[in-house]
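Residue numbers (my numbering), protein chains in the order written: chain A, 1 to 265; chain B, 1 to 265; chain C, 1 to 265; chain D, 1 to 265.
Careful: at least some of the hints might be erroneous.
The list treats identical chains as one, so a pair stands whether inside a single copy or across any two.
Listed next, the in silico DMTMM-like pairs over lysine to aspartate or glutamate satisfying Cα-Cα at most 25 Å (straight line) [as the list claims (entries may be wrong)]:
#	residue 1	residue 2
1	Lys120	Asp234
2	Lys9	Glu230
3	Lys120	Asp98
4	Lys79	Asp104
5	Lys43	Glu100
6	Lys140	Asp203
7	Lys120	Glu230
8	Lys79	Glu230
9	Lys140	Asp234
10	Lys9	Asp98
FYI, nobody ran anything at the bench for these hints, they're computed from the structure.
What follows is each chain in one-letter form.
There are 4 protein chains.
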Amino acid sequence: MNHRTTPVKIGHALVGNGGFSVFAGPCSVEGMDQFSQTAQFVKGHGAVGLRGGIFKLRTNPNSFQGLGQQAYEIVKTVKAQVGLPFVSEVTDPRQISDLENVVDMFQVGSRNMHNYALLKELGHSRRPVMIKRGFSALIKEWILAADYVVQAGNANVILCERGIRTFENATRNTFDINAIAYAKQNCSYPILADPSHGTGIADLVTPVSLAAAAAGADGLLVEVHPRPAEALSDGYQSLSFPQFETMMTKLEKVLSALGRRFEHV
Amino acid sequence: MNHRTTPVKIGHALVGNGGFSVFAGPCSVEGMDQFSQTAQFVKGHGAVGLRGGIFKLRTNPNSFQGLGQQAYEIVKTVKAQVGLPFVSEVTDPRQISDLENVVDMFQVGSRNMHNYALLKELGHSRRPVMIKRGFSALIKEWILAADYVVQAGNANVILCERGIRTFENATRNTFDINAIAYAKQNCSYPILADPSHGTGIADLVTPVSLAAAAAGADGLLVEVHPRPAEALSDGYQSLSFPQFETMMTKLEKVLSALGRRFEHV
Amino acid sequence: MNHRTTPVKIGHALVGNGGFSVFAGPCSVEGMDQFSQTAQFVKGHGAVGLRGGIFKLRTNPNSFQGLGQQAYEIVKTVKAQVGLPFVSEVTDPRQISDLENVVDMFQVGSRNMHNYALLKELGHSRRPVMIKRGFSALIKEWILAADYVVQAGNANVILCERGIRTFENATRNTFDINAIAYAKQNCSYPILADPSHGTGIADLVTPVSLAAAAAGADGLLVEVHPRPAEALSDGYQSLSFPQFETMMTKLEKVLSALGRRFEHV
Amino acid sequence: MNHRTTPVKIGHALVGNGGFSVFAGPCSVEGMDQFSQTAQFVKGHGAVGLRGGIFKLRTNPNSFQGLGQQAYEIVKTVKAQVGLPFVSEVTDPRQISDLENVVDMFQVGSRNMHNYALLKELGHSRRPVMIKRGFSALIKEWILAADYVVQAGNANVILCERGIRTFENATRNTFDINAIAYAKQNCSYPILADPSHGTGIADLVTPVSLAAAAAGADGLLVEVHPRPAEALSDGYQSLSFPQFETMMTKLEKVLSALGRRFEHV
Chain A
1 MNHRTTPVKI
11 GHALVGNGGF
21 SVFAGPCSVE
31 GMDQFSQTAQ
41 FVKGHGAVGL
51 RGGIFKLRTN
61 PNSFQGLGQQ
71 AYEIVKTVKA
81 QVGLPFVSEV
91 TDPRQISDLE
101 NVVDMFQVGS
111 RNMHNYALLK
121 ELGHSRRPVM
131 IKRGFSALIK
141 EWILAADYVV
151 QAGNANVILC
161 ERGIRTFENA
171 TRNTFDINAI
181 AYAKQNCSYP
191 ILADPSHGTG
201 IADLVTPVSL
211 AAAAAGADGL
221 LVEVHPRPAE
231 ALSDGYQSLS
241 FPQFETMMTK
251 LEKVLSALGR
261 RFEHV
Chain B
1 MNHRTTPVKI
11 GHALVGNGGF
21 SVFAGPCSVE
31 GMDQFSQTAQ
41 FVKGHGAVGL
51 RGGIFKLRTN
61 PNSFQGLGQQ
71 AYEIVKTVKA
81 QVGLPFVSEV
91 TDPRQISDLE
101 NVVDMFQVGS
111 RNMHNYALLK
121 ELGHSRRPVM
131 IKRGFSALIK
141 EWILAADYVV
151 QAGNANVILC
161 ERGIRTFENA
171 TRNTFDINAI
181 AYAKQNCSYP
191 ILADPSHGTG
201 IADLVTPVSL
211 AAAAAGADGL
221 LVEVHPRPAE
231 ALSDGYQSLS
241 FPQFETMMTK
251 LEKVLSALGR
261 RFEHV
Chain C
1 MNHRTTPVKI
11 GHALVGNGGF
21 SVFAGPCSVE
31 GMDQFSQTAQ
41 FVKGHGAVGL
51 RGGIFKLRTN
61 PNSFQGLGQQ
71 AYEIVKTVKA
81 QVGLPFVSEV
91 TDPRQISDLE
101 NVVDMFQVGS
111 RNMHNYALLK
121 ELGHSRRPVM
131 IKRGFSALIK
141 EWILAADYVV
151 QAGNANVILC
161 ERGIRTFENA
171 TRNTFDINAI
181 AYAKQNCSYP
191 ILADPSHGTG
201 IADLVTPVSL
211 AAAAAGADGL
221 LVEVHPRPAE
231 ALSDGYQSLS
241 FPQFETMMTK
251 LEKVLSALGR
261 RFEHV
Chain D
1 MNHRTTPVKI
11 GHALVGNGGF
21 SVFAGPCSVE
31 GMDQFSQTAQ
41 FVKGHGAVGL
51 RGGIFKLRTN
61 PNSFQGLGQQ
71 AYEIVKTVKA
81 QVGLPFVSEV
91 TDPRQISDLE
101 NVVDMFQVGS
111 RNMHNYALLK
121 ELGHSRRPVM
131 IKRGFSALIK
141 EWILAADYVV
151 QAGNANVILC
161 ERGIRTFENA
171 TRNTFDINAI
181 AYAKQNCSYP
191 ILADPSHGTG
201 IADLVTPVSL
211 AAAAAGADGL
221 LVEVHPRPAE
231 ALSDGYQSLS
241 FPQFETMMTK
251 LEKVLSALGR
261 RFEHV
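Isolated chain A (complex conformation):
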């Protein structure tokens, strides 16, 4: 019944090899201090990789759209400091060749999961690709999106559950814990959980992260910010440094109870 997961290597980090791989960082790269502080903190508490938005997809054309190319030097410097791989979203097939010099894994965002032009182009990239589930995509469609990338030539694909859109409005999305367990049993791609978008409420991120680990996820993609209240995007769902530390401590206990451990670089 269970498919065997095929591990994917991102820089020096492994995902899907039995360990639990945490990618952490701010929603958006906002500046050198913010990104560097966050990177050092999360590395010191068990993260295996960094996340951070450079080009942001925003529903409203007047919202903050990310630093764009201005972030490139910041990211390169911080990566050199901490020695962790970096994941960031690509929103246009024409960005790929440039971004390949900065990112170690491309993220396809929820709103682009059905953007097959982008998926096909990523099939020609030398970087692994993480595909977030479309917020209204069937699990079946999500796996087919990964198949698009693989069929175009890139076998290094990871899935990421980040919550689906339902009638419930107390939370930003409904995190689909079933999808974690179902996908682990029905495909061979590693599965990360994004409890930040999956809940939209910082206080729910830790319990849902523990749940994802208990259900079998291969790791997390989680938002952390030195001062969540001042974040330029998504502050309400970002963990503070102490919250991140507490979460990692609890995660380690749950993983250990199930015979697992954190993946380390």
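Dock chains B, C and D against chain A, hints included.
Coordinates of chains B, C and D only, in the frame set by chain A:
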């Protein structure tokens, strides 16, 4: 931010006092052998209470509707054998006075969560009441349904998350893990998880049960059958005896890692 | 492909015989003046029946719950004045025998569509039954709910589409126009449309009513109030008298274009 | 309350000027005969423009993906024959400059509504743009997607409601008739209805088209095929020629009843 949970006593069993309370049994009480075997097995492996349908709500008027009053003697006999409290669904305010002699906690099913005539009448019962979330009810509406019972005079109310109806069709429902964490933080009712209806697939019940425990649920309501393939209802989502035993072993480890333990009678 | 619709008689009014039957009135019967004025106005502009809540199902136990039995005399007096049949919601099987003296058709509300105890009891009533679609019920489940009433002995059943719960929040519900067309083709029950709950916005009631007529609905159930801003419930979705008159004028034109006409008593 | 609609010109055709503009054609351009026959038939029965897929977005990478550039000559020839403007989907910003020589209006498909890289690039095109609603997009997000194109420099934008994804599975999507009425009142973009994707069932296309017209839509985008059973994609929801003719006859009556008429080239 966190509400303190008010414990509820069902017979000798406690729910919401920090421990983890497992109610297990068949979807429907089908006969003496089936119910007795199941009761003894689940008691022997850590269950604190029994579940089993007597009057079944079925979408199709021609489906099996439960044994009805014929089940009363079976239930009384088995309860005496194993000494565990019994939870069963009430579907009509006129059944309450009779059922009170058999059940130790009334279950309000998902399809009756908005049946305020039933909720008000249960406010006059001496038995505790477990309210399953309507499959399209907002968390806010679910808590208000519990308030109906309390305002009518019965303070012993428990909530049960059992999955919501979404566009996803690989699973029977989408188990809302966020709702567990959210309700724990925003109301004082104990929260059970029903991973059987929450997934509709026996192979997903264990990972989702572990997730619910990790997210802070006060216990489970789970379907177990001696021979799932022969069950008169919901066999595809019922655990076999060995599956139940394995789940309980894993649950104990996760609970222990988080400083919790099984509630026992 | 098309099922033939079986007409149902409510008092002197026919539904499902090819004509278009409008039931109109306030969300709740609030008093003699309000109900009498409304009844006379809607009768004068083409309504074939009256609607009005006596026992209200409210999500919040502290909201206005309807006048209850105090409304009985008001309703009887107004019915005698205008000579139209009256439709009202039944929320408890124990209300049926009393309510039968006041109502000419029972309404099963959206939140009770899955309340099979109520449906079965209505199967023994001598009054026709209108079943609103559960706000998350499949079309198939809605038709099966009607079958419950019929199998219990009452063949006079009408369906009413009133919108479903989706992620969209600009409107109160998503009126499922497909369901009107689909149900007309796949079952023989007459279908009414409730654009008041289906939209939750008075300004949308007229266009959606016209749409329902164009798609083949057998009539409407629509909320009208002499002073919507002062209504004790649902005023934001109630038509004023001038809005009702305008809607009826447009409806007549659309119906006429399709070879149909208003049903009259 | 009502916004005034800003008309958009597509070739010689107007949309949003009070008339009702029908764009019809096959799901995919499959060959010269199929497209030419269809174009001549729909022109002869009131269509003001042609539709037809060249590059198809398919969930499954192994499904038919459209003829691609092979379709260009077919489309140019048929456009010259019938003298109608042509609408087709663009799926990649890099296709725009080529496609501009063939299409008179770009279609942004439902799965690309959130593809802001594509929307911004279309802001620089000289062709008008029709934005289909994302199948899980809020009405508010749909209008913001149109704003993206306008802010990037292209004021000629049309919206198209094509159904949303809900729990209902009897129909392919749930056509959101409320959204037609709501968008007409709350923005100035013309609104087309796509009853083919909105229902997914050919027998429902006519009633839902009539409903859309009655609710105020500015026109239709509808699938028509000479032999629906042989279509390479979406045949089950395509109208045959006789079905299209019948629909147009009924539409004319409903429009006329509401003081409107078909737009003609």
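Hints versus structure:
Taking CA atoms no more than 25 Å apart as the test, lysine 120 paired with aspartate 234 passes between copies only; the shortest distance there is 23 Å, against 29 Å inside one copy. For a Cα distance limit of 25 Å, the shortest separation of lysine 9 from glutamate 230 qualifies neither inside one copy, at 34 Å, nor across copies, at 45 Å. Both within a single protomer and between protomers do lysine 120 and aspartate 98 lie at most 25 Å apart by alpha-carbon distance, with minima of 17 Å and 19 Å respectively. When the C-alpha separation of lysine 79 and aspartate 104 is checked against a cutoff of 25 Å, the pair qualifies only within one copy, where the shortest distance is 10 Å, while the shortest distance between copies is 47 Å.
Taking the closest pair of Cα atoms, lysine 43 and glutamate 100 come within 25 Å of each other only inside a single copy of the chain (22 Å); across copies the shortest separation is 49 Å, beyond that limit. Taking CA atoms no more than 25 Å apart as the test, lysine 140 paired with aspartate 203 passes between copies only; the shortest distance there is 18 Å, against 30 Å inside one copy. Taking the shortest Cα distances, lysine 120 and glutamate 230 never come within 25 Å of each other, neither inside one copy (37 Å) nor across copies (29 Å). For the homomeric pair lysine 79 and glutamate 230, the shortest alpha-carbon distance inside one copy (23 Å) is at most 25 Å, but the shortest distance between copies (56 Å) is not.
Only between protomers do lysine 140 and aspartate 234 lie at most 25 Å apart by alpha-carbon distance; the minimum there is 19 Å, versus 29 Å within a single protomer. In this homomeric assembly, lysine 9 and aspartate 98 come within 25 Å of each other (Cα to Cα) only inside a single copy, at 21 Å, whereas the closest approach across copies is 38 Å.
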